[in-house]
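Assemble the complex: chain A is given as a structure, and chain B must be docked to it using the hints.
Chain by chain, the residues:
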Amino acid sequence: MNLWMWLLLSCLLAYAWKLLGYLVPASLLRNPRTSRIAGTMTIGLLASLTVVNAVASGQSLVLDARLGALAAAAIALWLRAPFLVVVIAGAVAAAGLRLLGWD
Amino acid sequence: MGLDFDTAEPALVKILQSPAVRIGLSISIATGLYGVSFGALSVTSGLDFWQTMALSLLLFSGGSQFAFIGVVAGGGSGVAAMGAATLLGMRNGIYGMQINALLQPRGWRKFAAAQLTIDESTATSTGQTDPDEQKRGFWTAGIGVFVLWNLFTALGALAGGALGDPKQWGLDGAAVAAFLGLLWPRLKGREPVAIAVVCALATVLAVPFVPPGVPILVAAVVAAGIGWFSHGRSDEGLEPDVDPYAEDHVHHHHHDPARDSRGERTGDDA
Chain A
15 MNLWMWLLLS
25 CLLAYAWKLL
35 GYLVPASLLR
45 NPRTSRIAGT
55 MTIGLLASLT
65 VVNAVASGQS
75 LVLDARLGAL
85 AAAAIALWLR
95 APFLVVVIAG
105 AVAAAGLRLL
115 GWD
Chain B
560 MGLDFDTAEP
570 ALVKILQSPA
580 VRIGLSISIA
590 TGLYGVSFGA
600 LSVTSGLDFW
610 QTMALSLLLF
620 SGGSQFAFIG
630 VVAGGGSGVA
640 AMGAATLLGM
650 RNGIYGMQIN
660 ALLQPRGWRK
670 FAAAQLTIDE
680 STATSTGQTD
690 PDEQKRGFWT
700 AGIGVFVLWN
710 LFTALGALAG
720 GALGDPKQWG
730 LDGAAVAAFL
740 GLLWPRLKGR
750 EPVAIAVVCA
760 LATVLAVPFV
770 PPGVPILVAA
780 VVAAGIGWFS
790 HGRSDEGLEP
800 DVDPYAEDHV
810 HHHHHDPARD
820 SRGERTGDDA
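In the order they appear, the protein sequences are chains A and B. Under this note's numbering, read the first sequence as residues 15 to 117, first letter to last. Under this note's numbering, read the second sequence as residues 560 to 829, first letter to last.
Just so you know, the hints here were simulated from the structure itself, not pulled from any lab data. Accuracy of the hints is not assured; some may be wrong.
Pairs of lysine to aspartate or glutamate residues, derived as DMTMM-like cross-links and limited to a Cα-Cα distance of at most 20 Å, are as follows [what the hints assert, rightly or not]:
{"no.": "1", "chain 1": "B", "residue 1": "573", "chain 2": "A", "residue 2": "78"}
{"no.": "2", "chain 1": "B", "residue 1": "726", "chain 2": "A", "residue 2": "78"}
{"no.": "3", "chain 1": "B", "residue 1": "669", "chain 2": "B", "residue 2": "692"}
Label pairs and their computed distance ranges (CB to CB) [stated by the list, open to error]:
{"no.": "4", "chain 1": "B", "residue 1": "723", "chain 2": "A", "residue 2": "77", "range": "21 to 29 Å"}
{"no.": "5", "chain 1": "B", "residue 1": "665", "chain 2": "A", "residue 2": "75", "range": "49 to 57 Å"}
{"no.": "6", "chain 1": "B", "residue 1": "724", "chain 2": "A", "residue 2": "40", "range": "37 to 45 Å"}
We put the CB at the ideal spot given by N, CA and C, even for glycine.
So that you can see chain A by itself, here it is in the shape it has in the complex (with noise of 0.2 Å):
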């Protein structure tokens, strides 16, 4: 129930932001600050998502099959993949990774 509620109230939230856009003067979207800000802080929260799932568990740091995955989507996307490629290269190696008895 918990869950629930910050789920919702993420959900409220994103629209807010969408519709922020539609509400403010455009004179805000010529600040060049707001938008440099909204760009870096994709870039980096992107990052940090890819990072934290690739060797985050729980509070420490591991190494495993998860870094396969990493390997085989960068690839995967170096070669132009579409997207449903690169998720498909990161699950089918870190499946293989554990069959092959590296966890």
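Below, chain B alone, put in the same frame as chain A:
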């Protein structure tokens, strides 16, 4: 298009001949399909079917949705998940300003357009120069992605729930790949790469010292600090997840048409 249609359904043919509508439809299919991976990952990270659907229907922004379930999967609290999802949604506000300036929706359309303001619809619209095409591109991609994304989220959630042990299927690896896939198109040039590396390092350093989920927020603060104090391009990192016009520009793919048109437009408005 067959010749017969020209006389039978001129309006329909005209719509389907619109480049923005075609781009919008193809981006809808490509993006909608990967709703499967969101649905599957969401239920395996501990959300139930309806929580998963609520995210796709109500939050409706791929990056933020993946962020929410990514934090939950890592053992983070609901409030940390909300923080990551909300900070990642900030760029949609910037997109909203751009679309508002281009389409100037009135009444209820403004509120509908807001919900459909995401990477894909913004990129499809801003890639066009004709105002009518910008409008068609936005609504086609926005509605198309919304319908297919939700359909495939449901499919993925049902399939993911039936899989059993998610690790055996490498679904934790799929999540890693998904985040890298969302980050990748934004790493054009040395500066965004440097920002990504610094934030990745900040995350790794923070993991042992703070509760799960919080390292992501630490990285967000670092990234915001870089944005505040440095003086790079003002639209860095605002490249959409997808480049719907990539195929038109195969001859010079280092060139980002979405950004160029956005730049022009800001100039026009001034």
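Hints and how they fare:
| no. | hint | result |
| --- | --- | --- |
| 1 | 573/B - 78/A | violated, 54 Å |
| 2 | 726/B - 78/A | holds, 12 Å |
| 3 | 669/B - 692/B | holds, 18 Å |
| 4 | 723/B - 77/A: 21 to 29 Å | holds, 25 Å |
| 5 | 665/B - 75/A: 49 to 57 Å | holds, 52 Å |
| 6 | 724/B - 40/A: 37 to 45 Å | violated, 51 Å |
Hint compliance for this structure: hints 1, 6 are not met, and every other hint is.
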